[in-house]
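**Student:** Sequence:
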Amino acid sequence: MSMQSLPVEIVYTVLRFVGSDSLRKQEACCLLVSRWWYNLAETILLEDLVLNTNQLLHIPEKTLDKLRILAQWLTVDMKDTLDSHGHEELDDCFSRLLPHCSRLIGLNLLAHSHFNPEEPLAPHTNYLETWSPTKLLDTLQCSKISELVIDTCGSEVKGGVHICPHLALNISSLRSIRLRMRSICPQVFDLQHDSKIESILINLSLMEPDRLHAGFSRHCTETNPAYQLCEDMVAAATKVAKSQPSMKILRILCHRHPYLEIVSRDCINGTEMILSIDDGWDWSDNGHPDSDDEEISGQDLFSTESEDNERFI
1 MSMQSLPVEI VYTVLRFVGS DSLRKQEACC LLVSRWWYNL AETILLEDLV LNTNQLLHIP
61 EKTLDKLRIL AQWLTVDMKD TLDSHGHEEL DDCFSRLLPH CSRLIGLNLL AHSHFNPEEP
121 LAPHTNYLET WSPTKLLDTL QCSKISELVI DTCGSEVKGG VHICPHLALN ISSLRSIRLR
181 MRSICPQVFD LQHDSKIESI LINLSLMEPD RLHAGFSRHC TETNPAYQLC EDMVAAATKV
241 AKSQPSMKIL RILCHRHPYL EIVSRDCING TEMILSIDDG WDWSDNGHPD SDDEEISGQD
301 LFSTESEDNE RFI
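Numbered per full-length UniProt numbering, the sequence shown spans residues 1 to 313.
Keep in mind the hints are simulated off the structure, nothing from the lab.
Check each hint, because a few of them may be wrong.
[What the hints assert, rightly or not] In silico lysine-lysine, DSS-like type, Cα no more than 27 Å apart, as pairs:
| id | residue 1 | residue 2 |
| --- | --- | --- |
| 1 | Lys248 | Lys196 |
| 2 | Lys135 | Lys196 |
| 3 | Lys79 | Lys196 |
| 4 | Lys135 | Lys79 |
| 5 | Lys242 | Lys196 |
| 6 | Lys196 | Lys239 |
| 7 | Lys62 | Lys196 |
| 8 | Lys144 | Lys79 |
| 9 | Lys79 | Lys66 |
| 10 | Lys135 | Lys62 |
| 11 | Lys66 | Lys144 |
| 12 | Lys62 | Lys79 |
| 13 | Lys144 | Lys196 |
| 14 | Lys135 | Lys242 |
[What the hints assert, rightly or not] Simulated DEER-style distance windows between Cβ atoms:
| id | residue 1 | residue 2 | range |
| --- | --- | --- | --- |
| 15 | Thr75 | Val161 | 36 to 42 Å |
| 16 | Leu51 | Glu261 | 29 to 35 Å |
| 17 | Asn52 | Ala235 | 24 to 30 Å |
| 18 | Arg35 | Leu64 | 31 to 37 Å |
Beta carbons: idealized from backbone N, C-alpha and C, even for Gly.
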């Protein structure tokens with residue numbers, strides 16, 4: 001039996017088992033088997049699409065039309081340095097795309113440092129210095145997106161706007177949100193009472209792959225040490241957990257300096273877990289209770305002979 005004689009449903013099952021990540025890694029060789037195969041594989045790729053900002057800005061209108069029908073998850077790697085005009089075009093592209101995607105569930109915004117082992121001390125590039133996500137957040141209100149990930153640990157989001165109050169206004173319409181930003185504060189928990197949110201994960205660790213050291217998120221408007229920000233975030237999250245009956249997961253993640261163990265503090269039941277080494281800097285919900293069964297205080301999380309709030313990245 002030839003491949004093309006297989007029922008389309010079986011081929012889709014195989015392609016989904018392979019996954020869009022594997023299809024992307026194989027690049028063109030996995031698509032150019034035949035036109036029939038290309039059409040099926042393209043559908044799977046567009047369901048979970050990963051683009052950088054330049055690719056998104058220059059995407060053909062024909063492909064945009066397909067995205068509006070097929071896209072379920074969209075990941076945008078904001079690793080390209082854009083001027084203010086480029087960021088305006090990016091906001092316009094989001095507004096033309098997101099509200100019209102009939103199946104879009106999740107949006108993932110990334111901005112990581114790009115580490116050069118030959119220049120380990122080189123400063124990171126601030127890709128988002130002139131961009132403010134406020135227009136994007138307003139656009140989410142008109143979309144069907146229920147899951148949002150903002151992981152901009154590699155670039156300070158500036159744009160002259162305090163972003164946490166804007167996030168708080170938009171979190172209420174989401175089901176799940178995961179945040180890791182270089183600046184954050186407890187105002188992100190100023191949620192509306194009729195919130196639909198079920199899951200909030202906030203990572204205060206700026207740990208990245210290939211980096212030997214990691215810094216911590218800092219307060220948006222105050223100069224508090226890192227451990228104080230962690231305690232303030234946990235206190236605010238614990239208060240929110242009591243007022244939001246829909247909340248199922250509410251965790252603050254951070255690493256214990258200088259050991260780089262990721263500690264997950266559950267703000268619903270008050271427990272703490274050390275995530276497994278294999279999870280690294282990822283968002284994994286898996287972990288195990290501290291083996292010593294002792295309370296992990298905020299001060300212990302950041303204890304070091306150097307300055308508490310030192311930033312390595």
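**Student:** Tell me the numbers of any earlier hints that the structure contravenes, in ascending order.
**Tutor:** 3, 7, 14, 15, 17, 18
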